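Using the sequences and the hints, build the whole thing.
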Amino acid sequence: MGTSIVGLGMTELGRVYGRSPRRLAADAVRLAAADAGLALADLDGLLVSHGLGGSPGIELADTLGLRDLRMLSLVNSFGATAGAMVSYAAMSVLNGSATTVACVFADAPLKPRQSAGSAYDRGARGGTGGAPGKAEWYGFGGMTAALGLRSVNSHYALAAQRHMARYGTTSEQLGAIAVATRKWAAGNPLAQMREPITIEDHQRSRWVSEPLHLLDCCLVSNGAVAVIVTSADRARDLARPPVHLWGWGQGHPGDRKERGSDFGLTTGAAASGAAAMKMAGVTPADVDVCELYDCYTYTVLVTLEDYGFCAKGEGGAFAASGALGPGGSLPTNTGGGQLSAYYMWGMTPLSEAVIQARGDGGERQAPSTDVILVSGNGGILDHHSTLVVSPHEKGA
Amino acid sequence: MDVGVLRRDGRTDPFFDGTAAGRLVVRRCEACDRWFAPDASGCPGCGEEDLGWAEASGAATLVTWTVLPKEPPVFLALVELAEGPWLHARLDGVERADLREGLALRAEFEHPDEGESYVLFRPWTERGSVR
Ligand SMILES: [Zn+2]
Numbered sequence: 001m002g003t004s005i006v007g008l009g010m011t012e013l014g015r016v017y018g019r020s021p022r023r024l025a026a027d028a029v030r031l032a033a034a035d036a037g038l039a040l041a042d043l044d045g046l047l048v049s050h051g052l053g054g055s056p057g058i059e060l061a062d063t064l065g066l067r068d069l070r071m072l073s074l075v076n077s078f079g080a081t082a083g084a085m086v087s088y089a090a091m092s093v094l095n096g097s098a099t100t101v102a103c104v105f106a107d108a109p110l111k112p113r114q115s116a117g118s119a120y121d122r123g124a125r126g127g128t129g130g131a132p133g134k135a136e137w138y139g140f141g142g143m144t145a146a147l148g149l150r151s152v153n154s155h156y157a158l159a160a161q162r163h164m165a166r167y168g169t170t171s172e173q174l175g176a177i178a179v180a181t182r183k184w185a186a187g188n189p190l191a192q193m194r195e196p197i198t199i200e201d202h203q204r205s206r207w208v209s210e211p212l213h214l215l216d217c218c219l220v221s222n223g224a225v226a227v228i229v230t231s232a233d234r235a236r237d238l239a240r241p242p243v244h245l246w247g248w249g250q251g252h253p254g255d256r257k258e259r260g261s262d263f264g265l266t267t268g269a270a271a272s273g274a275a276a277m278k279m280a281g282v283t284p285a286d287v288d289v290c291e292l293y294d295c296y297t298y299t300v301l302v303t304l305e306d307y308g309f310c311a312k313g314e315g316g317a318f319a320a321s322g323a324l325g326p327g328g329s330l331p332t333n334t335g336g337g338q339l340s341a342y343y344m345w346g347m348t349p350l351s352e353a354v355i356q357a358r359g360d361g362g363e364r365q366a367p368s369t370d371v372i373l374v375s376g377n378g379g380i381l382d383h384h385s386t387l388v389v390s391p392h393e394k395g396a
Numbered sequence: 001m002d003v004g005v006l007r008r009d010g011r012t013d014p015f016f017d018g019t020a021a022g023r024l025v026v027r028r029c030e031a032c033d034r035w036f037a038p039d040a041s042g043c044p045g046c047g048e049e050d051l052g053w054a055e056a057s058g059a060a061t062l063v064t065w066t067v068l069p070k071e072p073p074v075f076l077a078l079v080e081l082a083e084g085p086w087l088h089a090r091l092d093g094v095e096r097a098d099l100r101e102g103l104a105l106r107a108e109f110e111h112p113d114e115g116e117s118y119v120l121f122r123p124w125t126e127r128g129s130v131r
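Protein chains in written order, with my numbering: chain A, 1 to 396; chain B, 1 to 131.
Relax, there's no trap hidden among the hints.
Calculated lysine to aspartate or glutamate pairs in the EDC-like style (CA-CA distance at most 20 Å, straight line): (1) A:Lys257 - B:Glu49; (2) A:Lys134 - B:Asp113; (3) A:Lys257 - B:Glu55; (4) A:Lys134 - B:Glu110.
Calculated from the structure, these hints are not laboratory results. This structure is a prediction, so every number in the text was calculated from the model and none was measured.
Now the structure itself:
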């Protein structure tokens with residue numbers, strides 16, 4: 001017996017205002033059920049995940065009028081959650097504790113008239129107070145922010161810089177990832193950024209936190225995405241082509257800030273990818289398409305290395321070879337990813353994987369989608385999840 | 001980039017007492033003979049949640065860095081204390097050309113007119129501060 005993703009629901013994504021995370025999540029679950037050809041009452045499991053703009057809560061079940069759930073929980077491993085939720089849903093279906101499980105992510109960090117960057121600043125929130133004129137900062141968190149480390153961007157910049165110093169990775173190589181991803185976005189009507197860019201555009205975009213340019217950094221979006229997981233047997237009778245789950249894995253190196261740490265060099269993707277590919281019975285050579293968590297261009301580069309698509313330290317050259325873009329040997333982030341399409345944490349790569357596996361990619365449809373690898377990355381490279389999905393039943 | 005005014009919050013007294021006296025005081029688990037950053041919440045070796053405080057030498061090396069596009073540029077870093085833990089830190093007296101893995105650094109202390117004293121890290125050789 002296998003398991004499959006049978007429904008995909010996506011609300012409007014981007015600068016979408018006026019709906020709470022709970023309302024957005026409810027809308028996405030309804031859309032996913034309708035997509036699958038299921039009634040809401042057919043759901044007997046609901047897993048809920050949130051970003052930084054508030055949680056839908058498990059009260060989402062009440063909002064949806066679901067009264068007979070046998071599984072209901074918040075799940076949180078940050079950007080690794082989408083893959084984790086789908087694997088928990090699949091395991092529940094396999095062991096019989098639920099039959100049909102919706103997994104939903106919703107977030108609404110953007111407020112009208114607020115910059116995208118400020119929605120994700122750390123420390124700047126709540127760290128200051130008191131005296132007008134001169135900022136006051138409290139405690140260790142306040143001190144770190146006062147000294148200048150106020151943004152997730154800077155934490156990822158520290159990681160990327162370590163990779164550059166150790167392996168000679170260049171900003172232009174990171175730029176190749178931004179350019180390839182934008183090429184894919186041009187074919188995605190849902191993408192927020194579809195204008196073509198060049199390496200020169202990348203190099204000229206302003207520094208956010210060296211070595212990261214603006215075009216190395218993802219978007220910020222409001223919205224919600226849901227998927228529905230059920231058995232491969234049941235999936236055959238539903239409305240849309242099933243997307244079969246072949247394997248899953250996780251890796252959690254944690255926040256190990258001490259001598260000997262691999263921070264910036266190797267991530268949880270190494271353990272997670274190996275576990276997922278082993279379960280699926282595939283190797284990197286079998287993978288047709290990668291949908292990778294791309295909060296930053298650097299995240300894609302280090303994930304490709306850790307998954308074994310190239311040797312450690314050669315991710316930059318691999319990206320610059322043109323492998324990742326349309327026409328390349330390893331189509332990657334075919335919908336434009338988080339860099340150019342929409343930022344729904346781990347649901348960005350997962351939603352595009354479902355679209356590609358179904359053959360719904362339109363202009364951007366990858367030539368071959370027999371094996372699709374999906375990644376999630378959470379915290380500052382602290383958490384990782386991997387899924388291997390396919391239009392075909394495993395072993396068939 | 002102005003640092004602003006630093007205030008204590010009840011968990012930071014030994015650290016800021018240290019910076020005021022020009023000493024880098026961080027967390028340490030005596031039972032495990034392990035040092036931790038001053039904001040560590042516990043020792044993963046033995047589970048102790050109430051870690052002690054101890055004075056580190058102030059010697060450190062550069063792990064990695066980022067530069068904020070300010071005027072003048074702000075150099076932020078992860079530094080590795082000689083005792084082992086990594087700290088998020090701000091560098092002082094450096095230029096881009098100086099930056100490399102393993103660059104020797106030493107804690108130096110700033111004593112502003114208002115608010116708590118704080119630590120910056122500067123390049124250092126056996127003969128003393130480079131700049
Ligand atoms: Zn201990």
